[in-house]
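Asks: Residues per chain are reported as follows:
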Amino acid sequence: MEKTARLFCELLVQALEHPEGAATARAFDRTLQFDLSDGASFYVEIKNGKIRYAQGDSGLDWKYRDWKRASCVHTSSRLLEGVVSGKRIISDAFFDHAIGFAPRRLADPETSAGAIVAWFYTLVRLGLEEAQKKAWERHRASLFEGK
Amino acid sequence: MEETQHEKMAAVKEKTRAAGAEVTRAYARSEFGRAIIRREIVEGAQIKAGDHALLLWETSVADGIEEVVRVAAEIVRELGAKSIIMQLDEHIPLRRGTAPGAWSYLEKFQPDPAVVNAIRGADIVLDYTRNSRGAQKYNQVFYTLSMYYGKRICARRAVEAPEVLSDDPEAPVASPEALSYPSEVLRAIGRRVNETLIAAAEARDTFKLTNPWGTDLRFTALPGDVSQPFGGIRRYPAANSFDFSGDDNNRIWNALAGFAMTQSCDGVWVAKHSTLLGGVLNAPVTVKFKDGLIVGADGGEEAKKLLEVIADEPSGVHAILMGLNPKAAPFRRGEFMLDNNGAGVGTCHIALGGPGLFYRHGAWSTVGNKHFQLGNIPKISLWAGNRCVVQEGRLRALSDPAIKKEAERFGDPGKLLSQFDWPETV
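First to last, the sequence lines map onto chains R and Z.
At position 16 of the first sequence (counting the first as 1) the number is 16 in the working numbering, and the numbers step up by one without a gap.
At position 72 of the second sequence (counting the first as 1) the number is 72 in the working numbering, and the numbers step up by one without a gap.
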């Protein structure tokens with residue numbers, strides 16, 4: 001798996017350690033198929049509050065057969081690098097045509113596709129907050145190492 | 001000095017606006033209006049005791065909304081929540097020559113930082129400003145507030161459809177049965193309509209939409225691009241906080257069904273109203289579509305103007321949505337209201353443009369950043385493959401036994417499911 005993709009997936013995994021993370025992850029079961037314009041595709045499966053990821057195609061047909069189980073995220077390694085480094089807010093990138101989601105309205109007959117997008121963004125945000133908290137804790141501890 | 005035509009028109013507009021403001025105030029002051037506003041806050045926004053609710057409104061728009069805000073704030077306090085009222089000169093501007101609902105060159109508009117911080121600090125936002133509806137889809141800041149930070153923003157729900165209000169402050173509600181229509185029945189109608197549309201989309205059938213003005217479109221869509229669950233009618237109580245994302249959910253009476261994005265779309269749409277061109281058109285405009293994009297328009301000066309305004313980018317289909325409320329009649333004194341909001345059964349609008357990337361026509365592309373509507377047109381017929389969904393303005397689902405069973409819980413199904421009659425002249 002490419003480095004940026006793996007970093008991004010690990011950021012999502014970090015969200016599970018956030019105080020709100022476990023409950024957030026359990027809100028939906030969904031596979032997100034990432035289609036990158038400048039890198040290899042990968043997918044993230046979130047099920048029963050657990051996050052699993054792998055390189056390649058999930059094998060799910062998000063357009064027709066499996067539309068109730070899977071969404072496609074079209075973006076780039078470049079954007080994901082900006083997100084994991086904290087330089088870009090992922091939702092802002094939507095307005096720069098740097099990320100898109102399909103389908104657009106229904107995740108299944110009872111769930112709007114917008115709810116899935118907001119859920120995904122929230123996991124990214126919680127992952128970043130958790131990573132920043134841990135980074136500060138490590139930095140704080142390092143200030144007094146050996147003293 | 002002789003009054004010019006422009007001055008006469010401006011005077012008429014001012015008189016109409018002033019009358020509309022009085023109707024809005026009368027609606028908010030009425031027992032019925034207050035009950036509907038309360039339902040919007042309790043069932044739609046789902047405010048709880050202890051919440052901090054931010055209410056936004058504008059002084060630059062004299063549309064009577066200040067009375068709605070006053071009543072809403074009282075209700076918020078009655079519910080044990082705290083109301084914080086923020087009065088702005090102007091919140092989100094309307095571009096010159098456009099009407100509310102059009103989002104032209106506003107995708108990167110930066111609202112006042114003080115307002116953004118207030119939204120970040122609130123548990124819930126009741127945004128009663130003129131152009132708030134759509135901000136969470138068509139403006140970067142509001143999209144991020146809603147979708148990334150999970151802020152619950154309820155935009156202009158109270159009196160957004162002119163067809164349900166009258167022009168008489170003595171009797172401000174034209175269609176009380178539309179506003180008080182049981183939300184659960186609308187959910188059932190929305191679910192049934194979606195089942196038909198999804199089945200056709202899964203079978204890769206072609207949809208056909210026509211109306212007596214000459215609209216004739218053929219299109220295809222992915223099953224997941226069929227419109228919101230349950231016609232966008234609220235789930236009460238909400239299953240989770242993500243039910244509030246964006247601004248297409250949590251309605252109580254204004255149910256819509258249709259499509260978010262088409263894979264293919266060819267034909268013509270005949271419009272007599274467009275938000276991008278400021279509202280009612282002087283003459284019908286026939287807009288031509290090929291592969292989901294506007295490729296031409298006929299109909300005089302306004303057709304030319306439309307093509308000029310969108311010339312800088314491709315303008316593609318962003319949504320095709322029809323009303324599901326059988327009581328929200330879109331006419332007044334037998335005349336079709338060209339500025340109706342499309343809540344009623346048999347009406348439909350097409351929306352063009354919207355920021356972002358979309359999967360359409362088998363590839364990722366844009367549909368243009370200028371969002372606007374052509375519509376709402378009356379008496380549509382919609383076919384999903386060989387299944388008729390709407391026939392000459394009459395919704396087939398209203399005679400569905402499952403809908404009838406749901407309606408029985410709320411009253412006489414014969415009355416609840418009987419749709420308004422279209423006037424012959426429409």
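The set of hints was computed from the structure by calculation and includes no laboratory data.
No experiment lies behind these values; they were computed from the predicted model shown.
Glycine is no exception: its CB is placed at the ideal position from the N, C-alpha and C atoms.
Take the hints with a grain of salt, since some may be wrong.
In silico DSS-like pairs for lysine-lysine, Cα to Cα no more than 30 angstroms straight-line [as the list claims (entries may be wrong)]:
#1 Z:Lys-404 / R:Lys-63
#2 Z:Lys-272 / Z:Lys-290
#3 R:Lys-63 / Z:Lys-208
#4 Z:Lys-405 / R:Lys-63
#5 R:Lys-68 / Z:Lys-272
#6 R:Lys-68 / Z:Lys-288
#7 Z:Lys-288 / R:Lys-63
#8 Z:Lys-108 / R:Lys-87
Chain Z regions said to be covered by chain R (calculated; three or more residues, Cβ under 8 angstroms) [what the hints assert, rightly or not]:
#9 27 to 40
#10 189 to 200
#11 220 to 227
#12 235 to 246
#13 325 to 339
Asks: Now tell me, hint by hint, if it's right for this structure.
Replies: Hint check results:
As the CA atoms of Z:Lys-404 and R:Lys-63 are separated by approximately 33 angstroms, the hinted pair breaks the 30 angstroms bound. As the CA atoms of Z:Lys-272 and Z:Lys-290 are separated by approximately 21 angstroms, the hinted pair is consistent with the 30 angstroms bound. In summary, the hint linking R:Lys-63 to Z:Lys-208 is supported, as the alpha carbons are separated by about 21 angstroms, within the 30 angstroms threshold. Between Z:Lys-405 and R:Lys-63, the direct Cα distance comes to roughly 33 angstroms. Violation of the 30 angstroms bound is thereby established for this hinted pair.
For the suggested pair R:Lys-68 and Z:Lys-272, the alpha carbons sit about 38 angstroms apart, so the restraint of at most 30 angstroms is broken. Taking the CA atoms of R:Lys-68 and Z:Lys-288, the gap is about 33 angstroms. The hint is violated against a cut of 30 angstroms. Note on Z:Lys-288 and R:Lys-63: the hinted pairing holds, with a Cα-Cα distance of about 27 angstroms set against a maximum of 30 angstroms. A hinted pair counts as satisfied when its Cα atoms are at most 30 angstroms apart, and Z:Lys-108 with R:Lys-87 qualifies at roughly 18 angstroms.
Taking a C-beta to C-beta cut-off of 8 angstroms, the region 27 to 40 of chain Z contributes 0 residues in contact with chain R, too few for the three needed, and the coverage statement is violated. Only residues whose beta carbon comes within less than 8 angstroms of a beta carbon in chain R count, and the region 189 to 200 of chain Z has 4; three or more means the coverage holds. Interface restraint, the region 220 to 227 of chain Z with chain R: holds (6 residues with C-beta to C-beta distance below 8 angstroms; minimum three). For the region 235 to 246 of chain Z, the proposed coverage by chain R is satisfied: 5 residues have a C-beta within less than 8 angstroms of a C-beta in that chain, meeting the threshold of three.
Counting residues of the region 325 to 339 of chain Z whose beta carbon lies closer than 8 angstroms to any beta carbon of chain R gives 0, which falls below the threshold of three, so the coverage claim is violated.
In this structure, the hints that do not hold are numbers 1, 4, 5, 6, 9, 13, in rising order.
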